[in-house]
Amino acid sequence: MVKFLPLKQAVAENLNNGDSVAFEGFTHLIPTAAAHEAIRQGFRDLTLIRMTPDLIYDQMIGMGMAKKIIFSYVGNPGVGLLRRARDAIENGFPRSIEVEEHSHAGMANAYEAGAAGLPCAVFRGYRGAGLATVNPNIKSVTCPFTGEVLAAVPSIRPDVTFIHAQKADKKGNVLVEGIIGIQKEAVLAAKRAVVTVEEVVDNFDDLHPNLTVLPRWTIAAIAVVPGGSHPSYAHGYYARDNAAYLEWDEIAADREKFQAWMQAHVIEKSADDFAARVDHLRKAA
Amino acid sequence: MSDNQNPLGFTPNEMMTIAASRALRNDDVCFVGIGAPSAACNVARLTHAPDITLIYESGTIGTAPDVLPLSIGDGELCETAVTTVAVPEMFRYWLQGGRISIGFLGAAQLDKFGNINTTVIGDYFHPKTRLPGGGGAPEIATSSQEIYITMAQTKRGMVETIDFFTSFGHGEGGDHRQRLGIDTAGPTLLITDLAIWKPDPVTKEFTVVSLHPGVTRQQVQESCGWVVKFAEALDETPAPSELELNTLRDLQARTKAAHEGTGKAKAA
Numbered sequence: 068m069v070k071f072l073p074l075k076q077a078v079a080e081n082l083n084n085g086d087s088v089a090f091e092g093f094t095h096l097i098p099t100a101a102a103h104e105a106i107r108q109g110f111r112d113l114t115l116i117r118m119t120p121d122l123i124y125d126q127m128i129g130m131g132m133a134k135k136i137i138f139s140y141v142g143n144p145g146v147g148l149l150r151r152a153r154d155a156i157e158n159g160f161p162r163s164i165e166v167e168e169h170s171h172a173g174m175a176n177a178y179e180a181g182a183a184g185l186p187c188a189v190f191r192g193y194r195g196a197g198l199a200t201v202n203p204n205i206k207s208v209t210c211p212f213t214g215e216v217l218a219a220v221p222s223i224r225p226d227v228t229f230i231h232a233q234k235a236d237k238k239g240n241v242l243v244e245g246i247i248g249i250q251k252e253a254v255l256a257a258k259r260a261v262v263t264v265e266e267v268v269d270n271f272d273d274l275h276p277n278l279t280v281l282p283r284w285t286i287a288a289i290a291v292v293p294g295g296s297h298p299s300y301a302h303g304y305y306a307r308d309n310a311a312y313l314e315w316d317e318i319a320a321d322r323e324k325f326q327a328w329m330q331a332h333v334i335e336k337s338a339d340d341f342a343a344r345v346d347h348l349r350k351a352a
Numbered sequence: 008m009s010d011n012q013n014p015l016g017f018t019p020n021e022m023m024t025i026a027a028s029r030a031l032r033n034d035d036v037c038f039v040g041i042g043a044p045s046a047a048c049n050v051a052r053l054t055h056a057p058d059i060t061l062i063y064e065s066g067t068i069g070t071a072p073d074v075l076p077l078s079i080g081d082g083e084l085c086e087t088a089v090t091t092v093a094v095p096e097m098f099r100y101w102l103q104g105g106r107i108s109i110g111f112l113g114a115a116q117l118d119k120f121g122n123i124n125t126t127v128i129g130d131y132f133h134p135k136t137r138l139p140g141g142g143g144a145p146e147i148a149t150s151s152q153e154i155y156i157t158m159a160q161t162k163r164g165m166v167e168t169i170d171f172f173t174s175f176g177h178g179e180g181g182d183h184r185q186r187l188g189i190d191t192a193g194p195t196l197l198i199t200d201l202a203i204w205k206p207d208p209v210t211k212e213f214t215v216v217s218l219h220p221g222v223t224r225q226q227v228q229e230s231c232g233w234v235v236k237f238a239e240a241l242d243e244t245p246a247p248s249e250l251e252l253n254t255l256r257d258l259q260a261r262t263k264a265a266h267e268g269t270g271k272a273k274a275a
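Chains as they are written, first to last, in this note's numbering: chain U, 68 to 352; chain A, 8 to 275.
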């Protein structure tokens with residue numbers, strides 16, 4: 068049953084060295100505070116799973132925490148490349164990492180299959196695409212009814228998934244709205260799920276019945292971290308800090324600058340610092 | 008030369024974006040990539056195609072942003088969309104379901120058959136440069152009814168042989184798509200900062216059909232890594248109208264202010 072915990076404890080109880088872990092969020096609701104807590108606790112040999120790795124995986128890879136990444140777009144959207152991830156892939160710095168690359172459709176289908184308890188996902192994909200020749204986990208199956216050849220990828224089943232969401236009610240049910248991305252599938256595919264939320268409300272009685280709600284029994288732990296998605300955003304709470312994404316490009320370009328930034332903004336900080344980071348963005352939401 | 012304004016009062020990049028916007032129809036359902044495709048689609052929406060349906064891969068369907076998003080998931084896209092769906096639904100029902108008329112892609116490397124590389128420069132396992140990768144593009148390229156491509160011309164970008172097949176265009180040309188069981192049209196239009204290109208009906212090799220104002224055949228060839236074919240009846244692309252140019256510039260000014268705004272507020 069779900070437990071309300073301080074973030075530090077929620078991470079410590081649910082993440083282990085060597086785990087396969089998804090910190091999901093499709094540009095919106097990225098669980099930055101949870102990732103920073105994982106960095107502070109110094110986990111090693113993680114398999115990092117995520118459709119769009121972006122800043123938090125650049126940071127974890129740069130800190131040497133990943134042995135493998137499974138992804139479909141290793142960029143800083145609208146800005147450019149992820150420079151710490153590149154350094155690891157191109158130069159093995161700070162350590163070499165194994166790469167398993169898919170398309171968005173491949174990852175989305177694989178998460179959905181994981182949530183559905185299936186061993187693999189079948190879809191019409193990768194036709195003529197080079198990824199099928201370099202990723203041994205992209206195979207094909209023939210439809211037994213039509214003979215059509217379709218792509219098959221193994222389902223994704225993380226040891227633990229972290230997401231950020233708008234609200235939990237007092238019982239621990241969680242509401243996600245806006246761009247809902249892949250988060251529901253990532254939670255249901257995982258053995259354990261940890262959710263950071265902007266706030267806790269008494270109940271969800273006044274919500275529309277078709278909203279995305281993860282029932283409390285699908286979640287291991289909830290931590291209340293206002294602003295916990297920054298520089299990503301929480302629809303209805305605060306806007307995306309696009310300037311921070313532009314600034315990251317420069318910070319991550321230099322190994323020493325990166326280390327200094329991580330020391331000042333992650334290692335020496337705590338989850339409580341996130342609320343202040345989004346103050347100026349609340350008006351824009 | 009991309010950012011230099013020519014004597015006619017517009018830049019080659021502005022001409023590229025506006026030429027691309029003109030290719031979009033009011034009843035198109037368009038899967039939009041970030042950058043020049045996003046600018047072109049929104050200029051089309053703000054000028055001749057007010058009812059065009061713009062879809063971004065974050066799940067926003069029928070969006071009408073006031074400023075261009077920095078990422079495919081900016082909040083503005085969701086706030087102005089007809090509806091927003093989960094990412095698996097986007098790729099399964101809407102893209103794979105065949106409901107997208109135009110997929111609009113950019114490229115890091117492009118060959119003359121419209122094959123696109125956005126994955127690596129060099130060998131895949133020992134890349135010289137690791138690029139972001141395909142994201143939604145491998146399936147956008149095969150499941151959208153047609154593909155439009157836009158990119159600024161350089162010899163490094165437009166190459167004889169791409170290093171990696173991120174998104175399949177016409178493969179080796181001819182009927183290669185059909186041989187792979189792909190039943191959509193693939194790349195039907197390439198718009199660069201210098202010219203408009205269409206595939207030859209038989210070989211599928213991109214052929215220049217229209218030069219932008221003031222551009223010479225020689226300029227097109229000098230900034231392209233393969234031997235360029237020109238159509239016999241070569242057109243000149245009409246220069247941007249005042250409305251088109253003002254719409255694009257206003258959009259970009261709003262976008263710049265919005266993206267820098269969050270940084271300024273933070274410093275204050």
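Hints listed in this document are in silico derivations from the structure and should not be mistaken for laboratory results. Even glycine gets a Cβ: it sits at the ideal position worked out from N, Cα and C. Accuracy of the hints is not assured; some may be wrong.
[Claimed, not checked] Chain A stretches covered by chain U per the calculated footprint, using a threshold of three residues with CB under 8 Å from any CB of chain U:
id, segment
1, 62 to 71
2, 99 to 109
3, 113 to 120
4, 164 to 178
[Claimed, not checked] Using 16 Å as the maximum straight-line C-alpha spacing, the simulated EDC-like pairs for lysine to aspartate or glutamate come out as follows:
id, chain 1, residue 1, chain 2, residue 2
5, A, Lys162, A, Glu229
6, A, Lys135, A, Glu83
7, U, Lys75, U, Asp272
8, A, Lys135, U, Glu157
9, U, Lys238, U, Glu215
10, A, Lys263, U, Glu314
11, U, Lys350, A, Glu83
12, A, Lys135, U, Asp154
[Said to hold, decoys possible] So the derived label-pair ranges between C-beta atoms look like this:
id, chain 1, residue 1, chain 2, residue 2, range
13, A, Glu243, U, Gly147, 28 to 38 Å
14, U, Ala327, A, Gln228, 40 to 50 Å
15, A, Asp130, U, Lys324, 44 to 54 Å
16, U, Gly147, A, Asp34, 27 to 37 Å
Here is what the structure says about each hint:
1. For the segment 62 to 71 of chain A, the stated coverage by chain U holds: 4 residues have a C-beta nearer than 8 Å to a C-beta of that chain, and at least 3 were required.
2. A count of 3 residues in the segment 99 to 109 of chain A with a Cβ less than 8 Å from any Cβ of chain U is obtained; the coverage claim is therefore met, three being the minimum.
3. Requiring three or more residues with a Cβ within less than 8 Å of a Cβ of chain U, the coverage given for the segment 113 to 120 of chain A is violated, as only 0 such residues are present.
4. Counting residues of the segment 164 to 178 of chain A whose beta carbon lies closer than 8 Å to any beta carbon of chain U gives 6, which meets the minimum of three for the stated coverage.
5. Restraint check for Lys162 of chain A and Glu229 of chain A: satisfied, since their Cα atoms lie roughly 8 Å apart, inside the 16 Å limit.
6. Using a Cα cut-off of 16 Å, the hinted pair Lys135 of chain A and Glu83 of chain A is violated, with the two alpha carbons roughly 36 Å apart.
7. For a cut-off of 16 Å, the pair hint linking Lys75 of chain U to Asp272 of chain U is broken: about 30 Å separates their Cα positions.
8. About 7 Å separates the Cα atoms of Lys135 of chain A and Glu157 of chain U, which keeps this hinted pair within 16 Å; it holds.
9. Restraint check: the Cα-Cα separation between Lys238 of chain U and Glu215 of chain U comes to about 47 Å, which exceeds 16 Å; the hinted pair is violated.
10. The suggested pairing of Lys263 of chain A with Glu314 of chain U holds, with an alpha-carbon distance near 15 Å, which does not exceed 16 Å.
11. Proposed proximity of Lys350 of chain U and Glu83 of chain A is supported: the alpha carbons are some 14 Å apart, at most 16 Å.
12. Distance hint between Lys135 of chain A and Asp154 of chain U is fulfilled; the C-alpha atoms sit about 11 Å from each other, no more than 16 Å.
13. Evaluation of the 28 to 38 Å hint for Glu243 of chain A and Gly147 of chain U yields a pass: the beta carbon distance comes to about 34 Å.
14. Between Ala327 of chain U and Gln228 of chain A the C-beta distance comes to about 48 Å, which sits within the given range of 40 to 50 Å.
15. Hint check: Asp130 of chain A to Lys324 of chain U, Cβ distance near 29 Å, so the stated range 44 to 54 Å is violated.
16. For the pair Gly147 of chain U and Asp34 of chain A, the beta carbons lie near 34 Å from each other, so the given range of 27 to 37 Å is met.
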